[in-house]
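Asks: Chains as they are written, first to last, in the numbering used here: chain A, 5 to 422; chain B, 30 to 253.
Derived from the structure by calculation, the hints contain no laboratory data. Careful: at least some of the hints might be erroneous.
[As the list claims (entries may be wrong)] Computed from the model, here is a short list of chain B residues facing chain A with C-beta under 7 angstroms:
1. D87
2. R113
3. F119
4. N125
5. P139
[What the hints assert, rightly or not] Here are the computed lysine to any residue pairs in the SDA-like style, where the Cα-Cα straight-line distance is at most 20 angstroms:
6. K44/B x G385/A
7. K245/B x V37/B
8. K190/A x K246/A
9. K44/B x K190/A
10. K246/A x A94/A
11. K44/B x I416/A
12. K46/A x G385/A
13. K245/B x G38/B
14. K44/B x R412/A
15. K190/A x P108/A
16. K363/A x Q45/A
17. K246/A x W227/A
18. K363/A x E373/A
19. K44/B x L413/A
20. K44/B x D414/A
21. K44/B x G102/B
For clarity, every value in this text was computed on a predicted model and none was experimentally measured. We put the beta carbon where it would ideally sit given N, CA and C, even for glycine.
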Amino acid sequence: MLRTSFGNLGRHPVRTVLSAIGVTVGILTIVTMVSLGVGVQKEILQQFQGAGLEKISVRPVTEEPSAYTAFAEPKRTVLITPELVEEMQAREDVVEVLPRVSVPWGATVYLQVGGGEFSVRVYVGDSTWGFNDPFTEFPRVLAGRELVEDSPGEVILSKDALETLGYDEQSDWEDVIGQEVHLVLKAPRGDSASFPLVVAGVQDTTYWGANIGVTDALALKSWWYNDPDILEHEGYDMLRIKAASINDAAQIVGELQEQGFEVESLRLLLDNINRAMVVLQTMLGSIGALALLVASIGIANTMIMSVYERTREIGILKAVGASPGDIRALFVAESALIGLVGGLAGTILGWLLGLGLNKLILAILRWQEVPVRGTFFAVTGWLVLLALAFATVVGLLSGLYPAARAARLDPIEALRYE
Amino acid sequence: MDVVVRAVGLARRFKMGNAFVDALRGVDLSIERGEFVALVGPSGSGKSTVLNLIGGLDRPTGGEVWIDGVELGATDERTLTRHRREHVGFVFQTFNLLPRLTAVENVALPLMFSGVPRRQRLDRARTLLESVGLGQRLTHRPGQLSGGEQQRVAIARALVGHPALLLADEPTGNLDTTTGAEIMALLRELNQERGLTLLVVTHDPEAASFADRIVKLRDGRVET
Chain A
5 MLRTSFGNLG RHPVRTVLSA IGVTVGILTI VTMVSLGVGV QKEILQQFQG AGLEKISVRP
65 VTEEPSAYTA FAEPKRTVLI TPELVEEMQA REDVVEVLPR VSVPWGATVY LQVGGGEFSV
125 RVYVGDSTWG FNDPFTEFPR VLAGRELVED SPGEVILSKD ALETLGYDEQ SDWEDVIGQE
185 VHLVLKAPRG DSASFPLVVA GVQDTTYWGA NIGVTDALAL KSWWYNDPDI LEHEGYDMLR
245 IKAASINDAA QIVGELQEQG FEVESLRLLL DNINRAMVVL QTMLGSIGAL ALLVASIGIA
305 NTMIMSVYER TREIGILKAV GASPGDIRAL FVAESALIGL VGGLAGTILG WLLGLGLNKL
365 ILAILRWQEV PVRGTFFAVT GWLVLLALAF ATVVGLLSGL YPAARAARLD PIEALRYE
Chain B
30 MDVVVRAVGL ARRFKMGNAF VDALRGVDLS IERGEFVALV GPSGSGKSTV LNLIGGLDRP
90 TGGEVWIDGV ELGATDERTL TRHRREHVGF VFQTFNLLPR LTAVENVALP LMFSGVPRRQ
150 RLDRARTLLE SVGLGQRLTH RPGQLSGGEQ QRVAIARALV GHPALLLADE PTGNLDTTTG
210 AEIMALLREL NQERGLTLLV VTHDPEAASF ADRIVKLRDG RVET
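Pulled out of the complex, with its shape left as it was, chain B reads as follows (with noise of 0.2 angstroms):
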């Protein structure tokens, strides 16, 4: 089988002060390629922190989390940041679409790093765009758009760079139910068309029954 992820004895500390607090304290967790896994669990027990460290966001204190073969916590900030850009997509709850670009823009933006032509990267934005149906929105800004065209948006911008792997912290979170839906079919119908691999964190299981697979985590623990 094909393991795009796979976290071994994954931990995380983080310094409050003086205090120490364990977000992770040894997660185990694999995902294969073309699979479509939420990550559930109550606030505070790790899910958003996992999601980071898989997408190179931040370093793990402790085990090993590899991605296609590349171990994140020991790579050098080089390597993360070009992690961040080939290898994976973030879509946030609260969508972090920048206000001044119009869609087509902020979905062009990461190819901006990647050095791709200005006008190649706005036809791949387009096109993107068309595929998940705001074909009519191309020059508007966030703030002209609905809660759901703007995950939609962020979405297309997830995809633009071709990455391997979608991992989307609640996407659902600041959306309507029946909004909400609508972007979780977007998922699937992503994963099962195109092949992405997604990883979801959610604490809505509605959202999470789109899933193959669902993972639940407790106090920095997987949950079996």
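In isolation and in its complexed conformation, chain A is listed as follows (with noise of 0.2 angstroms):
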């Protein structure tokens, strides 16, 4: 019977090439549009996990500015108490409850080591912590070691910080590590205030002058506001917590949006970017499915065509012997096979697509400097004979018609055609 299929097909080759276009067609598009989700979803689900998705920031909110508070400091709103703290590090589901607190906006930070006094920008916490930017590299360590997670009374030092006093070789700053600096806060309004503080280690950034724990941020926030309980009114500035796993972090985020407070996390980012994935996929999927349907016209046409000028044939199988049953099938079959060899053709050009836009977008990467690689289209053994079913169905499906007709003919009149 198959045999017999393809010999008709044979007959009109290129009648057949051109209703199997339509199909071909559809399916490079559908299978572009999917392997495309595919690679994509796979990889920036790749990215992301390696990126830190199971982290989550926590911002306090603030008060809508008016015309009255403009200019003053916002107040806030939702705090970020130190309840909330003990609450998330109590939770089965967090690994790891961080609370940072910054150094003042618009304070002036001195650091003094030994004579030497030079104003330096100050990081409040580990600064390993937060989403692994492939675009940045940590600071390493010279000597000593990295700041412990609030550890009060000690402060880590960078390598620029320390040359600008005087300290630029190896040995010094191993010698720096131990001794007692002062980190000196000036206020506006005239007087100072010195916190010491030993030094724990010497990392080599340019980001920061002077590294150190919460517990010794909050005290120079305190002194600065002139607020000894400054925790209680402001709360801390903001809280990161580590998820136990990227689901956990999904859940942790809503509660926590539901309760107003402001929340940052890949995983924001990531549903965003499956949303529009998904709104690609809906578009990519419509032309296919568009392509698809006017394919399937074509091919009903090719059959009607084809049982009208086989007419006489049809009335011969009957006469030896075929029951409407078999013309049926075999008409169906014909239809099928359209429908299969163009899909073979889209599913060979969509993965011969994939590929050349696979090594397109590398090269552009790469030229862009973006440090990203992967497979962006991916056409897996499962999506080929998906493609391959579907559109043989969709050539069945546009026989069916056409089949039925030539299952319907008189064998008489059919034998008297000409």
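Assemble the dimeric complex from its two separately framed chains, guided by the hints.
Replies: This is how it looks when you write it as structure tokens:
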């Protein structure tokens, strides 16, 4: 039966190919779409998993500035209280909770080492925390060690800051470890406060001059605002949470958002990307579906033509004992075969297109110096099978009506047909 | 006596636009097993209609047609299809071979619908073609064969399903006299050697002379 179908299709190769091209275009679009979806989603998920999807940043909410408060420090309406920190720490699905306090904006901090004094930028907390951004490199430890999370009385200094003060050799940096230095806050009102700290390490960074723990940062802030109970009034400036898993992160993000916090998570970004992908897939899918619909009409037309042309042949087949079912099967098989051939071509072209686009995208990424690599179009085994099956079904469905017409033909009239 | 075909009051009315045309107005006909019957008559006398009704290509509008104990007019499409496949073989004036298939494939074609495996189909077709003298023409296509050869292929195809009854509609109509006589001789031979029952429609008296019995049809009735 299949052999016969192949033979019949071979009789009008041009017509067969033209009918199949519609399917090819449809399947090409769908294969490209799905392979892009599969590839990019996999790629993004991988990149993001490495980037720390389970990490969440929480910020307090501040009042919308009004005409009266526009130039004042904005008031906080939703606070990150020590109670919230404790509550988070107690959770099973949370691995790590790090409250953050920033050194007041506008405050100038001087670092005093030995006799020298130098204005520095102060960084609070573990400097390696954050989303694993492929673009930044973490500071290297040159002497001593990194800051232990919230270690009151300790400070890590940067190589740059020390160099400015004349400590520019490895031995100098090692000598500094364990020494007492001072961070000096100078208020515009004229007075100043000095905070003694012990140097725990020296790191290679240009981003900050001194790195201190949260408790010391709170002391700095408290003095700056002249408010001994600043934690009670203002709460923490930020809370960093590491969830046990990506799904836990999503859960926590939802809860915190409900409480009114401003939450930042790569998971949210990923959700947005996923939404964009769905839009893209729907768009391409619609084009593919439209192409397949048109293709299906084309196939049906071809098959109806074929039934007309082969009316006499159908009569002969019926006379020698073909049942209506046999005739129907013959034409449906032919039609399905057109679909399959078109689908095969579409799948191969889609695969080739994917390979080409992969190369192109990688070339562009390399040229733009974006440190992202990977496969963006992934044509998987199941995708190939699915595409072929889909194309075959489209062909098959298109052939149903013409085949039914062929099966219904009256054998005597068909035999008389010239 | 073993009667293969029995038609009783067979009638067939065709609708032509708004008018009705009675092709058959009550044909009574019996054919015994192993008989070679020629059905003759002027064109329009209903010869082919009788053949089509007996062959199960058409259904009567009146009367009955019994083939091997089955009344075809009352059967369903499936039984009719099986009747065409298993009980009768058709030979046409215009041969009606499929031009794309080789001689052997044409002969094997009916067996495809009986579900016979391809190799067996081709083997049987080859044997039959050899028996009708076309052993050298197995892989030729109809276009490469002469009219007489094509008709032999058609006869082989009609025989491939082991039918009890062979129906031939003007088998010599498209052939010259000599070739026509050869084809009739072949049918006669099949009738005598294999005991095949034959019903041949013809308007050629010479062709009819090969038959055991001649039935004359005129205006849709058997002439007595």
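Asks: None of the hints should be skipped; say for each whether it holds.
Replies: Here is how each hint holds up against the structure:
Interface hint status for D87/B: upheld, as the beta-carbon distance to the closest one in chain A is roughly 5 angstroms, under 7 angstroms. Against a cut-off of 7 angstroms between C-beta atoms, the interface hint on R113/B holds, since the closest Cβ of chain A lies about 5 angstroms away. At a threshold of 7 angstroms, the smallest CB-CB gap from F119/B to chain A is about 5 angstroms, leaving the interface hint in force. Hint status for N125/B: holds, given a least beta-carbon distance of 5 angstroms to chain A, under 7 angstroms.
Because the smallest distance between the Cβ of P139/B and any Cβ of chain A comes to about 4 angstroms, under 7 angstroms, the interface hint for this residue holds. For the proposed pair K44/B and G385/A, the alpha carbon gap of about 58 angstroms is over 20 angstroms, so the pair is violated. The straight-line distance between the Cα atoms of K245/B and V37/B is roughly 16 angstroms, inside the 20 angstroms bound, and the hint therefore holds. Only pairs whose Cα atoms come within 20 angstroms are accepted, and K190/A paired with K246/A is rejected, the gap being roughly 35 angstroms.
Restraint check for K44/B and K190/A: not satisfied, since their Cα atoms lie roughly 114 angstroms apart, outside the 20 angstroms limit. Pair hint K246/A plus A94/A holds up; C-alpha atoms about 13 angstroms apart against a cutoff of 20 angstroms. The suggested pairing of K44/B with I416/A holds, with an alpha-carbon distance near 14 angstroms, which does not exceed 20 angstroms. Distance hint between K46/A and G385/A is fulfilled; the C-alpha atoms sit about 16 angstroms from each other, no more than 20 angstroms.
For the hint linking K245/B to G38/B, the alpha-carbon distance of about 16 angstroms falls within 20 angstroms, and the restraint holds. Using a Cα cut-off of 20 angstroms, the hinted pair K44/B and R412/A holds, with the two alpha carbons roughly 19 angstroms apart. Proposed proximity of K190/A and P108/A is supported: the alpha carbons are some 12 angstroms apart, at most 20 angstroms. With a C-alpha separation of about 18 angstroms, the suggested pairing of K363/A with Q45/A holds against the 20 angstroms cut-off.
In summary, the hint linking K246/A to W227/A is not supported, as the alpha carbons are separated by about 31 angstroms, beyond the 20 angstroms threshold. Taking the CA atoms of K363/A and E373/A, the gap is near 15 angstroms; set against the 20 angstroms cutoff, the hint holds. As the CA atoms of K44/B and L413/A are separated by approximately 17 angstroms, the hinted pair is consistent with the 20 angstroms bound. Proximity of K44/B to D414/A is assessed by CA-CA distance (about 14 angstroms); at most 20 angstroms being required, the pair is judged to hold.
A distance of roughly 18 angstroms separates the Cα atoms of K44/B and G102/B; the hinted pair therefore holds under the 20 angstroms criterion.
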